[in-house]
Amino acid sequence: MPKTLNQLLPGETGVVTRVTGSGPVKRRIVDMGLVAGTPVKVQKAAPLGDPMEIKVKNFNLSLRKSEAALIEVQVG
Amino acid sequence: MTTASLTVALAGNPNSGKSTIFNNITGSHQHVGNYPGVTVERREGFRRFDGNDLLVVDLPGTYSLTAHSLDEVVARNVIIDEKPDIIVNILDTSNLERNLYLAVQLLELERPLVLALNMTDVAEKMGLKVDEAAMSRKLGIPVVRTVGNRNRGTDDLLRTVAEAASAAKHKPFTLNYGPEIEARIAQITQALASLTAVKYPQRWLALKLLENDQDVNKAVQILPGWSELKAQVEAARTQLKALLGDDPEIAFAEIRYRFVGEVYREVAVAGSDWAQTTSDKIDSVLTHRLYGLPIFFGVMWLLFNIVFTVGHYPQDWLQSGVKALSDFLARSMADSALKELLVDGVIGGVGSVITFLPNILLLFLGIALLEDTGYMARAAFVMDRVMRAVGLHGKSFIPLLLGFGCNVPAIMGTRTLENPRDRMVTILVSPLMSCSARLPVYTLLTAAFFPDYLAGSVLFSVYIFGVMLAVVMALLFRKTLFPGASEAFVMEMPPYHLPTLRSIVTQMWERSVLYLKKAGTLILAASILVWFLTNYPADVPYSKDYDQAKAQIEETFASQAADQVPLPLGIEAAEENTALLAELDQQRKDALVQLDKDQASEKLANSYAGQFGHLIEPTIRPLGFDWKIGVGLVSAVAAKEVLVSTLGTIYSVGEAKENPSSLAGALTDDPTFSPLVAYALMIFTLIYSPCLAALAVIRRETNSWKWTAFSFTYSTALAWLIAFAVYQTGTYLGF
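Line by line, the protein sequences give chains A and B.
Start counting the first sequence at 74; every next residue gets the next number (our numbering).
Start counting the second sequence at 514; every next residue gets the next number (our numbering).
One or more hints might be untrue.
Claimed, not checked - Straight-line alpha carbon distances no greater than 16 Å define the calculated EDC-like cross-link-like pairs of lysine to aspartate or glutamate that follow: (1) A:Lys114 x B:Asp793; (2) B:Lys1057 x B:Glu1000; (3) B:Lys754 x B:Glu775; (4) B:Lys1102 x B:Asp1139; (5) B:Lys642 x B:Glu767; (6) A:Lys76 x A:Glu145; (7) B:Lys1102 x B:Asp1060; (8) A:Lys114 x B:Asp786; (9) B:Lys638 x B:Asp793; (10) B:Lys684 x B:Asp669; (11) A:Lys138 x B:Glu1000; (12) A:Lys114 x B:Glu1067.
The hints are simulated quantities; they were obtained by calculation from the structure and are not laboratory data.
Treat the numbers as computed from the prediction; the structure is a model and nothing was measured.
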């Protein structure tokens, strides 16, 4: 089922299918390794609900929910 | 062996342990400066190894080499322009896959490259094994293992660097982007061959043109023949976009990552995918949904107290040391203009520079600890939601908080912000945090004009007003001066680790030296200027002859003593005589002191600063201020607390520190003042120009006189407007 990364709950995993958006934000997301085919796991949300922390390629990354919304994932 | 001179550039991701390796190689032979025109730090060091003289350049830590970030542009321009003999890429082995992404981009720059697999101990603990021989074969470059924080593998790395440099030539690396893209690369490369004056590797340039890299575009558009090439590039980009279903730059990044993934799976045996590491366990407390914020505020409280409360003690020692020196000079030199310059101007100026030093050292100790342990990223993670509301980054919170202690370390603390726009906005609004130097002004005015039960609320309202204004101005600056979408927050949360003492001390020391060198000289010069303005011209027309008046007092004392004291003869009156004599002597001293104060007041009123105060009086009249406040405000640009001492001098009550209540009394007696004027003055003091030290640091940190001038102008204009609104509204409402 296709979702965007911000819709995943802590503990859920998925595989990146596509990064939408444009410009430096998109480029930065891709440079950090969030390219199609990459497995991700949501670690937690910050105390105030945003940003969120994920695990990708063996490291932890934090990103705002608005940025996570650009990342389409296949849940499973 | 012959001596060779080699330039080595260190590249790597942030948190890859690059600085530690740099320190291991160069020891204390290093130098920090700035890249020309930008605020990115340039670190260089020297090392003699096996008959080679190595010049090591530590490039800014980056994840990629795009034109979107200043650090990345600087890093790749050093490689392109300075053509280092060898590039050493430091990789965090425990995070190998993402680290290799930069390695591929470095390979594409076609300079000799050596890979250093750092933090192999951490990787092994995580169950990750890497076959460096296989990696070396696959990429065609030397690979060395290091453990930076235990200084292992450093000599091995240097030996490999020396060998790689003496090798006749390196095998060129080419990443195959697939037939569609390769066809376009070939086409652009061919067209580029006719442009002779290109410093870039041709294949790399073709890739960057297809990626629509802004920095490269700017560099080539001045070349002859660019316009035809531009049409070709644009056509190729459009075709690729249609073929690949995405922007070429994104597709290229994906292909690089795909290649990296292949290499990674070939050379590394990884542990389980989603293992909860020790860092994750620590984070389950430190960024906990409920405890996360309280812990963050606890850490901030600690930082604040270390910087300002602990810093207070050495500050006092330094101050008394400076005072002892100036007292000594005052006693041992003959009266002259030179003596005044030395004692009041130079030593006063040096004093104000070095009294900040304990704060600066402790601030950088705190920041180095926060950064090296990895907590800084967590602080940003926890606070980002709040700071984003103002259009800033989570990391902006720390410098702003420090502003309540002193704006100088606050502005220097903005170095932790990577995005230059966030950094500029934070620098511009941080002086709106009421620093501790403004507190004496507030307490003097509240004590003089507000009843005790209101004093606390008045003081609080000024502080809160500053914070609210900072919020409004930050939003405004974001919209007007630094518009456009804010940069991505996407930020690595590096694993926690114990910092090394050496790295902490080095960072602390380097940054403090930079402060002394760059800001210190400016503060000193400015302090001397202010001293000159408040003390010259030396010959001012006094309303009376003070020397004569003093002589008069001495004379009166002598005649009174002669008249009154010897009269009652007899032993029993001797005690009474002594008391009377003491009383008369006290009267004489008081009268002399009062004359000195009056003279100082007149001298200041007639000094250049005093004249300036009179000159600007019409402009500050609408705020309810007179020339005396004008003089005070002008001299308080040196440091805000100077307002109190200047007012003390003008109101002839001497140094206000010795006698605050007499100044408060003098102010209450002055009809110019009212609670409303006092409040307007507090607001004005809060907002107007940052003090000289802060301005000097702004100059240093922004590397621009323009922004320094802007900071001065906007804050002073804003202060005028708001004080005007406060005074006029208050008058209208009948306060």
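(message) Does Glu1000 of chain B sit within 16 Å of Lys138 of chain A, going by the straight-line distance between their CA atoms?
(response) 14 Å, holds
(message) Check whether the Cα positions of Lys754 of chain B and Glu775 of chain B lie no farther apart than 16 Å.
(response) 25 Å, violated
(request) Given the hint that Lys114 of chain A pairs with Asp786 of chain B, test it: the Cα-Cα distance must not exceed 16 Å. (result) Holds. Lys114 of chain A to Asp786 of chain B sits at ~10 Å (cutoff 16 Å).
(request) Would you mind confirming whether the straight-line C-alpha gap from Lys1057 of chain B to Glu1000 of chain B stays at or under 16 Å? (result) 66 Å, violated
(message) Just to be careful, I want the Cα atoms of Lys642 of chain B and Glu767 of chain B compared with a cutoff of 16 Å; is the pair within it?
(response) Violated, at about 25 Å.
(request) For the pair we were handed, Lys1102 of chain B and Asp1139 of chain B, check the Cα-Cα distance against 16 Å. (result) The given pair, whose Cα atoms are some 32 Å apart, is violated under the 16 Å limit.
(message) Lys1102 of chain B and Asp1060 of chain B were given as a pair; does the straight-line alpha-carbon distance stay at or below 16 Å?
(response) 15 Å, holds
(request) Verify the proposed pairing of Lys114 of chain A with Glu1067 of chain B, using a straight-line Cα cut of 16 Å. (result) 89 Å, violated
(message) Against the 16 Å threshold, does the CA-CA distance of Lys684 of chain B and Asp669 of chain B hold or violate the hint?
(response) 22 Å, violated
(message) Need the status of pair Lys114 of chain A, Asp793 of chain B: alpha-carbon distance at most 16 Å?
(response) Status holds; Cα separation ~13 Å.
(message) For a C-alpha distance cap of 16 Å, please report whether Lys638 of chain B and Asp793 of chain B respect it.
(response) Satisfied, since the Cα-Cα distance of roughly 15 Å is no more than 16 Å.
(message) Check the hint pairing Lys76 of chain A with Glu145 of chain A against an upper bound of 16 Å on the C-alpha distance.
(response) 6 Å, holds
This entry does not satisfy hints 2, 3, 4, 5, 10 and 12, going by the numbered hints stated previously.
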